[in-house]
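*Asks:* Residues per chain, in single letters:
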Amino acid sequence: MDRRRQKRLIAWLLAPSLIFVTVMGAFPVLSQFVLSFTDFNMKFADERGFAGLSNFAKLAGDATFRQDLWQTFEFTAVSVGLELALGLAVALLLNRIRRGRTVFNTAIILPWALPTVVAATMWSLILNDRVGLVNSVLGQLGIIEDPIVWLGPGLAMVSCILADVWKTVPFVAIILLAGLKSIPDQYYEAAELDGAGRWQVFRYVTLPLLKPFIAVALLFRTMDAFRVFDVIWVLTGGASRTETLSIYIYKVLFRYSDLGYGSAMTVALFAIVFVLSLILIRFMRVSQEPVSE
Amino acid sequence: MRTTGTAPRLRAALLIGVAALLIGALGGCSQDDGVTRIVFAAGQDPSGATAALIEEYNAAHPGIEVTFQVMPANTDTQHDAYTTYLSARETSIDIYSLDVIWTAEFARAQWIVPLPDGFIDPDAFLPGPMESVTWGGTRYAVPWFTDAGLLYYRADLLAEAGLDVPETWEEFTAACDAATPDGGMGFVWQGARYEGLICNFLEFLWGHGGSLDRDHLETSPDEAAREIAGTIDFMRSLAETGVSPKSVLTYKEEDSRRIYTEGQALFLRNWPYVWSFAQGDGSKVAGNAGIAPLPHAAGETSYSTIGGWNIALSAFSDHPDEALEFIEFITGPHSLKRRAIDGGYLPTRIATYADPDVLAANPYYASFFEVFQNTKSRPRSPHYPQLSDIVQDRVHRALSGEIESETAARDIVSELTELYAR
Numbered sequence: 000m001d002r003r004r005q006k007r008l009i010a011w012l013l014a015p016s017l018i019f020v021t022v023m024g025a026f027p028v029l030s031q032f033v034l035s036f037t038d039f040n041m042k043f044a045d046e047r048g049f050a051g052l053s054n055f056a057k058l059a060g061d062a063t064f065r066q067d068l069w070q071t072f073e074f075t076a077v078s079v080g081l082e083l084a085l086g087l088a089v090a091l092l093l094n095r096i097r098r099g100r101t102v103f104n105t106a107i108i109l110p111w112a113l114p115t116v117v118a119a120t121m122w123s124l125i126l127n128d129r130v131g132l133v134n135s136v137l138g139q140l141g142i143i144e145d146p147i148v149w150l151g152p153g154l155a156m157v158s159c160i161l162a163d164v165w166k167t168v169p170f171v172a173i174i175l176l177a178g179l180k181s182i183p184d185q186y187y188e189a190a191e192l193d194g195a196g197r198w199q200v201f202r203y204v205t206l207p208l209l210k211p212f213i214a215v216a217l218l219f220r221t222m223d224a225f226r227v228f229d230v231i232w233v234l235t236g237g238a239s240r241t242e243t244l245s246i247y248i249y250k251v252l253f254r255y256s257d258l259g260y261g262s263a264m265t266v267a268l269f270a271i272v273f274v275l276s277l278i279l280i281r282f283m284r285v286s287q288e289p290v291s292e
Numbered sequence: 000m001r002t003t004g005t006a007p008r009l010r011a012a013l014l015i016g017v018a019a020l021l022i023g024a025l026g027g028c029s030q031d032d033g034v035t036r037i038v039f040a041a042g043q044d045p046s047g048a049t050a051a052l053i054e055e056y057n058a059a060h061p062g063i064e065v066t067f068q069v070m071p072a073n074t075d076t077q078h079d080a081y082t083t084y085l086s087a088r089e090t091s092i093d094i095y096s097l098d099v100i101w102t103a104e105f106a107r108a109q110w111i112v113p114l115p116d117g118f119i120d121p122d123a124f125l126p127g128p129m130e131s132v133t134w135g136g137t138r139y140a141v142p143w144f145t146d147a148g149l150l151y152y153r154a155d156l157l158a159e160a161g162l163d164v165p166e167t168w169e170e171f172t173a174a175c176d177a178a179t180p181d182g183g184m185g186f187v188w189q190g191a192r193y194e195g196l197i198c199n200f201l202e203f204l205w206g207h208g209g210s211l212d213r214d215h216l217e218t219s220p221d222e223a224a225r226e227i228a229g230t231i232d233f234m235r236s237l238a239e240t241g242v243s244p245k246s247v248l249t250y251k252e253e254d255s256r257r258i259y260t261e262g263q264a265l266f267l268r269n270w271p272y273v274w275s276f277a278q279g280d281g282s283k284v285a286g287n288a289g290i291a292p293l294p295h296a297a298g299e300t301s302y303s304t305i306g307g308w309n310i311a312l313s314a315f316s317d318h319p320d321e322a323l324e325f326i327e328f329i330t331g332p333h334s335l336k337r338r339a340i341d342g343g344y345l346p347t348r349i350a351t352y353a354d355p356d357v358l359a360a361n362p363y364y365a366s367f368f369e370v371f372q373n374t375k376s377r378p379r380s381p382h383y384p385q386l387s388d389i390v391q392d393r394v395h396r397a398l399s400g401e402i403e404s405e406t407a408a409r410d411i412v413s414e415l416t417e418l419y420a421r
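If you read the protein sequences in the order shown, they are chains A and B.
FYI, in numbering that gives the first Met the number 0 the residues of the first sequence are 0 to 292.
FYI, in numbering that gives the first Met the number 0 the residues of the second sequence are 0 to 421.
In case anyone wonders, no lab produced these hints; they're calculated from the structure.
All C-beta atoms in this analysis are idealised placements derived from N, C-alpha and C, irrespective of residue type, glycine included.
All the given hints hold, so there is nothing to weed out.
Computed Cβ-Cβ distance ranges for the label pairs, DEER-style:
id: 1; chain 1: B; residue 1: G298; chain 2: A; residue 2: G141; range: 45 to 51 Å
id: 2; chain 1: B; residue 1: Q43; chain 2: A; residue 2: F201; range: 53 to 59 Å
id: 3; chain 1: A; residue 1: A112; chain 2: B; residue 2: E299; range: 55 to 61 Å
id: 4; chain 1: A; residue 1: F72; chain 2: B; residue 2: A177; range: 46 to 52 Å
id: 5; chain 1: B; residue 1: A72; chain 2: A; residue 2: L154; range: 27 to 33 Å
id: 6; chain 1: B; residue 1: T416; chain 2: A; residue 2: F273; range: 35 to 41 Å
id: 7; chain 1: B; residue 1: V34; chain 2: A; residue 2: F32; range: 42 to 48 Å
Sample of chain B residues lacking proximity to chain A, with all beta carbon distances greater than 10 Å (derived):
id: 8; residue: A41
id: 9; residue: G42
id: 10; residue: Y56
id: 11; residue: A314
Looking at chain A on its own, in the form it has when it is part of the complex (with noise of 0.2 Å):
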């Protein structure tokens, strides 16, 4: 009898936070499986009907889809590439520092702090190329002659990746920090009573020890970044060569009210992300396999 209670207990209990994960999770990706297969626009609601897979034809013809795709993926792997690499250094120095490290630890985060948009608002007037700090710096120093049009044709997708590196080195510096720290501190003397040198104590100590955060780190990244909307949206609003999906995918969404076409594209994405967690979580379990030799 007790049982029975205390599992009807359990299942009240449990309901309201599954019916919200139902209504608030579920429910949107499942609409958007069903609108994907349909041609609905909010604007012509009464005209909807059932499209078949032709929204997904459409896609694959799409050369704007392909083109922001290639994009996407051009951004997320330069930046997702230098953060882990410059957040890896950063993580590397901090370590050392024994005095003042509240300091400096405050100091890093600062710019994983601020709001995308504050922060790639700060950037484009920085990269503005005829009162920005950079043109003006590089003007005085007699590097330059005429401005550089930073956030223009050619350089617009450097821009974007230099603002949202600057942004989110600081996260994955923090995670590989906190990694750093748990590294027994015998491992380095042992390395050091066999004679290691300071590369060698990197390459076989440290690095193995902090693959599992650098994994983490890695796919947070990697699904953030393959999302990337507001530090394009301010700086270039997605021309010359910037548009992500997620931009795509709002203009179709919300300008043009294709709910059809939009989810289809966004069930597309779904996958894609999805696949690409799935291969960075078998990524990190083999990291999370204990080192041998």
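Since the structure of chain A is provided, determine the placement of chain B on it from the hints.
*Replies:* For chain B alone, coordinates are given in the frame of chain A:
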């Protein structure tokens, strides 16, 4: 879990909680005090002229209370907010102010309703704005204020070089060679990939005898593509020959305006709002700024892209009669006059341009009025946002050298033809 009764008590607490939430959600329904509440959504009016007019209206109509719902200043954001409200059949907003390019879209979606017969006198308004409120032969909105692309020039620099204000592009580029200020720029315009680019592009295209009209694209696609490619090549040559800076491809209105009012440019293409900046404090061109119609190719005519806003009645309004009454007031001669004098909004009524008070406050309106005779609308389509994005994207890419101008032109013709037919 030994104490019996915990579960029922908890369950009761949960139920009460849920009930409280539901009641909270249902709260805030209508008050019934005999006052009809009308909500008017429009972009911000920093001058306060609109708010003052609404106050005046409310004071004269005790049974009606109009509230001003201020919308985001960014036009695209405003568009996306409106489409979200209206596709959910939002009833709380009765009257919308709409950009001239939205009429077809909102009418086709049946979000706004046709004006009653005889509601406005079409001859009382400027022809451009009047065309913009019409879709499929039906009038859906009342013109509220207008805008059109203008050429701003530096009268002092042209006079120094002994030149007249150029009318053709040949004269124009020659003037740039002769009179561009030292270290400055010849001509600045709006080349960033956004709505402003299609406005600029169309003026270049019309001035070269081209068009994006449906008939033209359908009947002579090859000719249309040639005109588009030629126009893009011309725009590209402006940056390549140094008439315009390379960074023009990142400029929006304010970027280009600042360069001009800082005295760094000989010519500027922009909207009428720049005039008061050019004459105001902090302007280095006060007294030396002039306005003229935009240049055109030899043998062609100059046209300006029309901008501005109209006012329409929501199809989901609970009080259409009262709302229409207010629309009549806010687009009437008195309101347009007040907004012209207090806020600098260019009136859509022809008679307002002859009003001595308006001319006393804005003496330059006489010359604007001239430009407003030669305006054209951007393409009209219920799929305007897509259409505009296609043109912006292809033109911007071709100007950046990412694709050939011929490719851009062919894409624009084929994709627009498909959109028009949809």
